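Engineer: Assemble chain G onto chain W, guided by the hints.
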Amino acid sequence: MTLPKAATTLAPIALVGPGTHTTTAPSSSSEHLTPEQIEQIGKELDALRTEVMNSLGEKDAKYIRRVIATQRALEFGGRAVLLFARFPPAWLLGTAALSVAKILDNMEIGHNVLHGQWDWMRDPKIHSTTWEWDHATPAAAWKRTHNYEHHTFTNIRGKDRDLGYTVLRVTPEQEWKPIALIQPLTNLGLSLIFEWGIALYDLEFDRRAAGEMPEEEAKAQMAAFRRKALRQIAKDFVLYPALSGPRGFLATAAANLVANLVRNVWSHAVIFCGHFPEPTETFEESRLEGETRGEWYVRQMLGSANLSGGPIFHIMTGNLSHQIEHHCFPDMPSNRYRQIAPKVREICARYGLRYNTGPLPKQYFKVLKKIARLALPGGK
Amino acid sequence: MGALAAISRRVRDVAGLLTQPILPDDVLGTINPLWSRSEPHARIVELRRETPDTTTLVLRPGRRRPRHVPGQFVGIGLQIDGVWHWRTYSITSRPDDPHLAVTVTAVPGGLVSGRLAHATPVGTLVRIGPPSGEFVLPDPPPEQLLMVGAGSGITPIMGIVQDLAARRPELLDGAVLVHADRTERDLIFGAELRRISAATGMRLVPWLSARAGRLSAEALTDAVPDWAARLTYACGPAGLLDTLTELWERSGDPESLRIERFVPPPVSAEGVPGGRVRFTVSGITAEAAPGQGLMAAGEAAGALLPSGCRMGICHTCVGVLRSGAVRDLRTGDLHDTPDQYVRTCVNGAVGDVEIEL
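As you go down the protein sequences, you meet chains W and G in turn. When you number the first sequence by the numbering used here, it's gap-free, plus one each residue, and the end is 380. When you number the second sequence by the numbering used here, it's gap-free, plus one each residue, and the end is 1357.
Calculated from the structure, these hints are not laboratory results. There may be inaccurate statements among the hints.
[Claimed, not checked] Some residues of chain G that are not near chain W, with every Cβ distance over 12 Å (derived):
1. 1051
2. 1123
3. 1143
4. 1174
5. 1219
6. 1237
7. 1243
8. 1254
9. 1341
[What the hints assert, rightly or not] Restraint ranges, calculated between C-beta atoms of paired labels, are given here:
10. G:1099 with W:242: 52 to 58 Å
11. W:258 with G:1080: 26 to 32 Å
12. G:1011 with W:124: 23 to 29 Å
13. W:92 with G:1322: 52 to 58 Å
14. G:1125 with W:289: 50 to 56 Å
15. G:1107 with W:50: 25 to 31 Å
16. W:189 with G:1119: 53 to 59 Å
17. W:189 with G:1125: 45 to 51 Å
18. W:148 with G:1016: 29 to 35 Å
19. G:1011 with W:43: 53 to 59 Å
20. W:189 with G:1322: 41 to 47 Å
21. G:1351 with W:124: 25 to 31 Å
[Said to hold, decoys possible] Reference excerpt, derived from the structure (chain G facing chain W, CB under 7 Å, subset only):
22. 1017
23. 1018
24. 1020
25. 1021
26. 1030
27. 1034
28. 1039
29. 1078
30. 1081
31. 1082
32. 1084
33. 1282
34. 1302
Computed from a predicted structure; not experimentally measured. All C-beta atoms, glycine included, are put in the ideal place defined by N, C-alpha and C.
Just chain W, same shape as in the assembly (with noise of 0.2 Å):
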């Protein structure tokens, strides 16, 4: 194994800023590790892996099978209410149902199923393979550029494309360019229309330009995105605001709409919070050459951030609220991250390795300022 090296001479840049408090360990990166102790890592968090996967049971899909009716019912529910949205107390009711409906959806559900965390049930109507979700990019097209791109090149600068989206500077690293002085509004922007960045993102327009995808393929991926977009407008914009009747109408238009951003709001705030608060830490592309399993997991742990809450907040964030061990085990089924988190905490503080949590307004606020703050050339 030629791994050892890489180890300790691919030292991380340190990411640390003043006034950060969330470490749990001093160190602020792998650095101290020896290629033995990083390799006891990748052990312990295999035998963790193995050891969940082989308990996963009947109560496991209780529990997606739970989420999937609770999601179904606030959605058809709020959807029902909102037929008489025209007055103010449906509208209210309506929207929150529908706006939680719509986090459930994209967030506990789709994103996990999506990743194969319940494949094992052979569920052909709980599959990756098959699942479809409420929103505007096709599950194709996302499994393609999260579950693959986005997981196995973590916080890998240049490889990464999560890191910023194409469209935000959030580390130094980061070639600086004049429409970046604008990127705390491009970043509220994007945040009102996340579904639909996330959409446009998956269509790879980056790689297009470049040259390197196929057309054939760029044309099926923008066909796919068409349908899909069409029909989600279509859903919340006209069909149900029809069957509202003409004095419902454009009150329904606005609750679907508001549910909507709120989705949006949500969840681009949960999935900022997941690797860009201080002090995860980037990675050059040369750290990929002949890294091991467990250097592949250090990266995961230091790359990622957690949020830290209650139960119905941790559902609510689709259990990214356990970014970190989501990031190791991403087809772990999303229940038993939570079960998980204190060992792997554990494993962190007993080598040293930062575990980076904390509650999501000020990890979220840790966001904005570092946004703010790479807006302008320069940056640590």
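Structural biologist: This is chain G only, laid out in the frame that chain W set:
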């Protein structure tokens, strides 16, 4: 009827716009699995203990009762520890019965059969597949019928006999049923078959192997001297079916013997080194071990593959071979023509393979 179907399809299309990205059917299935058309379910409404290790499950299907021909089998999906397991069982109820019955014998060490025969309570929801199978009578049915059912092999024959007794009892007059098992109390449907025999004139020949030894070719020809003149349906252990096949090939007309195997002939790992199997539709890649079926390898890697009998009979599991070579684990036949259909349950990988599934 055609107009009604067209209207209901149109209604579903419109409803689909309102439920997208899921189907109206998924919404119904979430409220009550029995309402799902795309993933048909059935509820167990009655259990009949036939023998110490055999139970008949009476199922009330959901929205649509699957149509079957007597003698066919049906896939039953049972969730065990959160995982869906599919097995096929012969249907032992009549096509015009609103309920669907399958009769399950617990196989030693069998996860699903043991659970179904002994530990699945009334009220359990199972999934059901489309009935299939070629072990059915020709139309019109033959005048001279011989049936040989041994062990749980009596179950498809029971499906046939019951239906004839109800619809065409005159065809059973003069028919012969050789019913073999270890002892009297192991005979599945013993009492029911005696009743049918008394009512129709069907000749019932019980064969108890604990007393009389295994049913041999000589014993059969002694018991049914005019065997060669009859159309014969046989189902039972592989050894018995091999014996009968040999007898019919030697001194009868092989065309007049119809057999149904429950257990696949022994598989061989010879010439099946395994390899990397890529399922092109799902994009899932599996490592197939030497002698392992493509289906087993794919399922272990999390692929969702069509499956039915899992023994190379029903062709539910076929996929297009896009590249590479596979070998039939039972016969040793090599398939390496691109774009041909192969059964994933009984073919193993000979090197790296791409299957369109």
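Engineer: So, for every hint listed, does it hold in this structure?
Structural biologist: For each hint, the structure was consulted:
1. 1051: holds, 30 Å
2. 1123: At roughly 16 Å from the nearest Cβ of chain W, residue 1123 of chain G sits farther out than 12 Å, so the non-interface label holds.
3. 1143: holds, 45 Å
4. 1174: holds, 47 Å
5. 1219: holds, 44 Å
6. 1237: holds, 30 Å
7. 1243: holds, 38 Å
8. 1254: holds, 39 Å
9. 1341: holds, 20 Å
10. G:1099 with W:242: 52 to 58 Å: The hint (52 to 58 Å, Cβ to Cβ) is violated, given that residue 1099 of chain G and residue 242 of chain W are roughly 44 Å apart.
11. W:258 with G:1080: 26 to 32 Å: At 44 Å between Cβs, range violated.
12. G:1011 with W:124: 23 to 29 Å: This hint holds: roughly 24 Å between Cβ atoms.
13. W:92 with G:1322: 52 to 58 Å: Holds, at about 54 Å.
14. G:1125 with W:289: 50 to 56 Å: Check passed, 52 Å falls within 50 to 56 Å.
15. G:1107 with W:50: 25 to 31 Å: holds, 29 Å
16. W:189 with G:1119: 53 to 59 Å: Given a distance of about 58 Å, which is inside 53 to 59 Å, the answer is holds.
17. W:189 with G:1125: 45 to 51 Å: Between residue 189 of chain W and residue 1125 of chain G, where Cβ atoms are some 48 Å apart, the hint holds.
18. W:148 with G:1016: 29 to 35 Å: holds, 30 Å
19. G:1011 with W:43: 53 to 59 Å: Since residue 1011 of chain G and residue 43 of chain W have Cβ atoms about 57 Å apart, the given range 53 to 59 Å holds.
20. W:189 with G:1322: 41 to 47 Å: holds, 45 Å
21. G:1351 with W:124: 25 to 31 Å: Once the Cβ atoms are compared, 29 Å apart, the range 25 to 31 Å for residue 124 of chain W and residue 1351 of chain G holds.
22. 1017: Hint holds; residue 1017 of chain G Cβ to chain W Cβ min 6 Å, cut 7 Å.
23. 1018: Holds, because the Cβ-Cβ distance from residue 1018 of chain G to chain W comes to roughly 6 Å (cut-off 7 Å).
24. 1020: With a closest approach of 5 Å, the residue 1020 of chain G hint holds.
25. 1021: Holds. Min distance 4 Å.
26. 1030: Hint holds; residue 1030 of chain G Cβ to chain W Cβ min 5 Å, cut 7 Å.
27. 1034: violated, 14 Å
28. 1039: holds, 6 Å
29. 1078: violated, 11 Å
30. 1081: holds, 4 Å
31. 1082: Because about 3 Å separates residue 1082 of chain G from the closest Cβ in chain W, which is inside the 7 Å limit, the hint holds.
32. 1084: Since the shortest Cβ distance to chain W is 4 Å, the answer is holds.
33. 1282: holds, 4 Å
34. 1302: Hint on residue 1302 of chain G: holds, closest Cβ of chain W at ~4 Å, below 7 Å.
The structure shown violates the earlier hints numbered 10, 11, 27 and 29.
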